[in-house]
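Asks: Let's have the full structure, built from the sequences with the hints guiding it.
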Amino acid sequence: MSRVGKMPVTIPAGVDVSIKEDQISVKGSGGTLQLKQNMLVTVANDAGKLTFAPANESREANAMSGTMRQLVNNMVVGVSKGFEKKLSLVGVGYKAQAQGAKLSLTVGYSHPVNKEMPAGITVQTATPTEILIKGADRQRVGQVAAEIRAIRPPEPYKGKGIRYSDEKITIKETKKK
Numbered sequence: 144m145s146r147v148g149k150m151p152v153t154i155p156a157g158v159d160v161s162i163k164e165d166q167i168s169v170k171g172s173g174g175t176l177q178l179k180q181n182m183l184v185t186v187a188n189d190a191g192k193l194t195f196a197p198a199n200e201s202r203e204a205n206a207m208s209g210t211m212r213q214l215v216n217n218m219v220v221g222v223s224k225g226f227e228k229k230l231s232l233v234g235v236g237y238k239a240q241a242q243g244a245k246l247s248l249t250v251g252y253s254h255p256v257n258k259e260m261p262a263g264i265t266v267q268t269a270t271p272t273e274i275l276i277k278g279a280d281r282q283r284v285g286q287v288a289a290e291i292r293a294i295r296p297p298e299p300y301k302g303k304g305i306r307y308s309d310e311k312i313t314i315k316e317t318k319k320k
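If you're matching positions, the sequence shown starts at 144 in the numbering used here and goes up one per residue.
Hints were generated in silico from the structure; no laboratory data involved. Incorrect hints may have been included.
As the list claims (entries may be wrong) - With a straight-line Cα cutoff of 25 Å, these simulated SDA-like cross-link-like pairs (lysine to any residue) come out:
1) Lys179 <-> Lys303
2) Lys301 <-> Gln282
3) Lys301 <-> Val250
4) Lys245 <-> Arg283
5) Lys163 <-> Asn181
6) Lys303 <-> Glu290
7) Lys163 <-> Ala206
8) Lys229 <-> Gly251
9) Lys301 <-> Lys245
10) Lys238 <-> Lys301
11) Lys192 <-> Lys229
Replies: As structure tokens, this is what we get:
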């Protein structure tokens, strides 16, 4: 059995998990998240702990039990605490400004780039060079952060661009005569 799949998911106070035959729904203070139930995994709720077991002895069911456990764990953590990604802008004149559900970026193009945030994702700018993306769904928070970073990825010679706050950019040496 999968090592990750063996560990149970503890449900904190204030989080409600409902298991149906076709989907798992997690509701908490951060919102409601749903996941399609996989037929290769058997999910059981034992007094506030969710356990995941493969439905049969196949290799796919074993792997899927660990995957389902981690996806449900991310949902439980997301509705209780939430997830966040921090981006930083490096470059002269590069700045970001959040206006409600919109993010306006000035990153060296001839025009400002506007990015609309999907439902359930909030964006904040504490300073003009820092962007904070928050939400309950880990996958969507990471996807929005990746889309914003793709607007102007860091370049390898000066390091200018949009990067994750913990990302290290290896600067290349310039060509010598």
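Asks: Take the hints in turn and mark each one as holding or not.
Replies: Verification of the hints:
{"no.": "1", "hint": "Lys179 <-> Lys303", "verdict": "41 Å, violated"}
{"no.": "2", "hint": "Lys301 <-> Gln282", "verdict": "30 Å, violated"}
{"no.": "3", "hint": "Lys301 <-> Val250", "verdict": "14 Å, holds"}
{"no.": "4", "hint": "Lys245 <-> Arg283", "verdict": "16 Å, holds"}
{"no.": "5", "hint": "Lys163 <-> Asn181", "verdict": "11 Å, holds"}
{"no.": "6", "hint": "Lys303 <-> Glu290", "verdict": "17 Å, holds"}
{"no.": "7", "hint": "Lys163 <-> Ala206", "verdict": "21 Å, holds"}
{"no.": "8", "hint": "Lys229 <-> Gly251", "verdict": "20 Å, holds"}
{"no.": "9", "hint": "Lys301 <-> Lys245", "verdict": "28 Å, violated"}
{"no.": "10", "hint": "Lys238 <-> Lys301", "verdict": "17 Å, holds"}
{"no.": "11", "hint": "Lys192 <-> Lys229", "verdict": "31 Å, violated"}
Violated hints, listed in ascending order, are 1, 2, 9, 11; each of the other numbered hints is respected by the structure.
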